[in-house]
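Residue numbers (the working numbering), protein chains in the order written: chain A, 1 to 364; chain B, 1001 to 1271; chain C, 2001 to 2287.
Be a bit skeptical, because a hint or two may be false.
To be verified - Straight-line alpha carbon distances no greater than 25 Å define the calculated DMTMM-like cross-link-like pairs of lysine to aspartate or glutamate that follow: (1) 306/A <-> 243/A; (2) 1002/B <-> 2126/C; (3) 59/A <-> 23/A; (4) 1186/B <-> 94/A; (5) 1002/B <-> 2189/C.
Note that these hints are calculated values from the structure, not bench results.
Fair warning: this is a prediction, and the values are worked out from it, not measured in the lab.
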Amino acid sequence: MPSVTFEHVSKRFGEVTVVEDFDLQVADGELLVLVGGSGSGKSTILRMLAGLETVTTGKIWIDDRDVTPLPPRDRDVAMVFQDYGLYPHMTVRENLSLGLRLRKVPRDEIERRVTWAAGMLRLEPLLERRPKQLSGGQRQRVAMGRAMVREPLVFLFDEPLSNLDAGLRAQMRIEIGGLQRRLGTTTVYVTHDQVEAMTLGDRIVVLADGKIQQIGRPIELYLAPVNRFVAGFIGTPSMNFVDGRLQTDDGALAFMTEGARVKLPGKLLPSENESASVTLGIRPEDLNVDLAANGTPNSDDALLGKIVLVERLGGTSHIHFEVGPHRLMASVSADSLPDVGDTITIQVPAERVHLFGSDGRALS
Amino acid sequence: MKTFRRVALYAGLTIAAITFIYPFLWMASATFKPPIEVGSLSLIPNHITFDNYRTMWARAPFGRALLNSAFVATTITLAVLLFGSMTAYAMARLSFRGRPVLNAATIAVLLVPGQLTLIPLYTLIVQLGWIDTYAALIVPYLFNATAILMLRQFFLQIPQSLIDSARMDGMGELRILFTIFWPLSKPVLSIVAIFTFMGSWNEVLWPLLVVRDQHLMTLPQLLTVFALGGGAGTIGVSLASAMVLVVPVVIAYAFLQRNFIESMAGAGIKG
Amino acid sequence: MRAEERSGSLLAAPYAAFLLIFAVYPIAFALALVFMQWDLVTTPSFAGFDNVRLLANDGRFWRAVANTFVFLSIHVPLQIASALALALALNRRLVLRGFWRASFFLPVVISGAVVAILWSHLYATDVGLINRLLARIGLNPVPWLTDPATAMPAIAVMVTWKNVGFYVIIYLAGLQYIPRSCQEAIEIEGASAWQRFRYLTLPSLLPQTLLVVTLSTINGFQLFIEPYVMTGGGPLRRTYSVVLYLYTNAFAYQKMGYAATIGVALALIIGMVVFIQRRTIGRTEAL
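If we strip away everything but chain A, and leave its shape as in the complex, we get (with noise of 0.2 Å):
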């Protein structure tokens, strides 16, 4: 049995569509990530499914019971806020345990679920501390144990880590993807970070626009994503785009464009129009580069590309090259690397290319 499910979701603000026709369901014990950028409805559908939005139409469930007319206090949600969301006049110890208070548990249960919660997030030196005393990440670790304490079905982050530093970031990510699994508590995590997307969601939902663009696991997000939005989405450094068309040359299908021939395996389906105007997506860890076959192309379809930036990163570098008019961006490990106006050959795998039509939509 699902743990969450949105059914035909919608919300509108006025005349403003924010979320359209929204349908997903959340399996017991999942992380579900749901990324998109500003404006996507992420934070809007963690909210509705909270009670803090209303629904303008369609159901939400939790478990078995239809929660879409009931307020947030009669759903036994918990939230992580951005801003963490902090009472500032209360102690750690009281905002973790007011949300209980205020249902009535008994005094020695709170006890017992304060004293876990700050057990597992190393809260107990600081339980009689107000939240202003706090570095980032204590705040943010009260404001999950906050959540924790409440035991509830589902818990909710919405972009819980943008406040913190990079580094304190990267660390938490860790600390709420663990404590997640040893919770085994189902979560819905907005975010418009697609590496936190990738390194903590079991599933990663991908919005844009109020709609579903993809739902999958990580990797297959990553390897085939349906859509040039969600394909220039996920993934750093982002896919190379390189618009063109399609050609049937002797029998065997290729991508061409302006100072680049790309050739592809399969055939050109037949509903596809001779010479289609399409976009070539390619990751910049996907290109091979040859940065010894200084100005020769080595075999027939490998391309010429003229370097215009080397950004060294130390472990991996990128090269940023122009083919042609186009502009792209290579990935690779190497120590020595070649100058700006050099000229590389690249050579473009066939089976790592992805090919969008002019809808942007992912052809097979």
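Fit chains B and C to the supplied structure of chain A, relying on the hints for placement.
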């Protein structure tokens, strides 16, 4: 040159401070002087007497007026804090139909001079049969547009996530207001409390219109009537009656002067 | 949220009702009263433009308006000058800064009725403190409140004294906003203290000055308790204020329609004067 400037600055400040303080000190000392000494500039009476206070207390119900003023000002202040913060919370943090109209009306009310509505308000009180009642002194002041705007402004800055957390924790709106917003709004609440209390405590014109019964008069009103009606007789008695009004304020001001200045100046600018 | 909508309306409803009864209705009724005659006892009767016509030719009303302008012509400049001077004095590193500030503000917290009673004794011709001080330096006593020429100026000075602390705070707040870099820049230009004041401080404080002008003007038009207590409007009606006249018409003569007409006229005059002030001072800003 530099030292001379400093000396001149402090001399100027001292003269200014004396100008503001000395009249009140003189007033205080005059109330302890027998009539023959009142005219003297000296602050220390040759013969200390409490006759002025005895006379004043005997001739008009100042004790009752003190209680009236305290009761009216306290009730109004509590109402303005309570109702004002409820209204401000709704106007700042809850969406409901008519909210924009209410916001605009609140600002519009502040732009209308009080003299315009003075007479119709007075006739309204007459028609309600509220002349010579506490209701006449209190009800028209139960809400204060300046207070509502100040509270609303403050409430707007409280993060939404606190409201969300509180709702997730199972609180209703009133509970959020009083257990989350109030503790966080102490500065603005104290500002509102002080200027509301002081406004009510010092108000004369409205009581003069709606109260004629001596036993319902507020302190500044009774003071005015007493001084004008010749009930005081001597300067000492007249000033002694004024002391009843001044002393509580000066004591409060001595302890909370920072809050007073912030509050009364702030309300004046915003009002 | 439906629940939110419900609690919102519920929480705001009492205030909405209050506004209707104690703000909207009185404003509407004030305008209606302009065209009525009413003594509060008999039923009100329609009076057309009688009240307006009466007001236009009412020497006492216009005397009160003229008195107010006399008051303002002394009060407003004096208020600006004194508040500015005290604020500039306070706006430096001072020993006992809090004490100076608190002492200037003291009269602001004291009831206007008390101040009026106190000052009527200070101004008293024979035993008044001020005349005693004058006598000490060999000057003749001045009949401050009983001479038609000095009565209104005396009240204006007193009101300035009472309110100056309030405006000092406004100017002090304005002085905080003059950027340090500007002050340092003009000092490097080699400006004298007067030049710094004339070309940096004063123009920077224009918004505060505008506020002082507006608030003290409105305050002046609301003058009531001071003449009521100190002079009863005399001598020769030279301290009669508009609000005192309004109060007398309502309370002593029971002329509600006429009193309301005075109130509406006063509101219009305040609006016009403040508008003209803002336009003229606003224009100097453009220069």
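**Asked** Within 25 Å, alpha carbon to alpha carbon, are residue 1186/B and residue 94/A?
**Response** The hint holds at about 20 Å.
**Request:** With a cut-off of 25 Å on the C-alpha distance, tell me whether residue 59/A and residue 23/A pass.
**Result:** With a Cα-Cα distance of about 10 Å, the restraint between residue 59/A and residue 23/A holds, given a limit of 25 Å.
**Asked** Does the alpha-carbon distance linking residue 306/A and residue 243/A stay inside the 25 Å limit?
**Response** OK: residue 306/A and residue 243/A at ~19 Å, within 25 Å.
**Asked** Given the hinted pair residue 1002/B and residue 2189/C, is their alpha-carbon gap at most 25 Å?
**Response** holds (21 Å)
**Message:** So if I understand the rule, the pair passes when the alpha-carbon distance is 25 Å or less; does residue 1002/B with residue 2126/C pass?
**Reply:** violated (44 Å)
Of the numbered hints stated above, the single one contradicted by the structure is hint 2.
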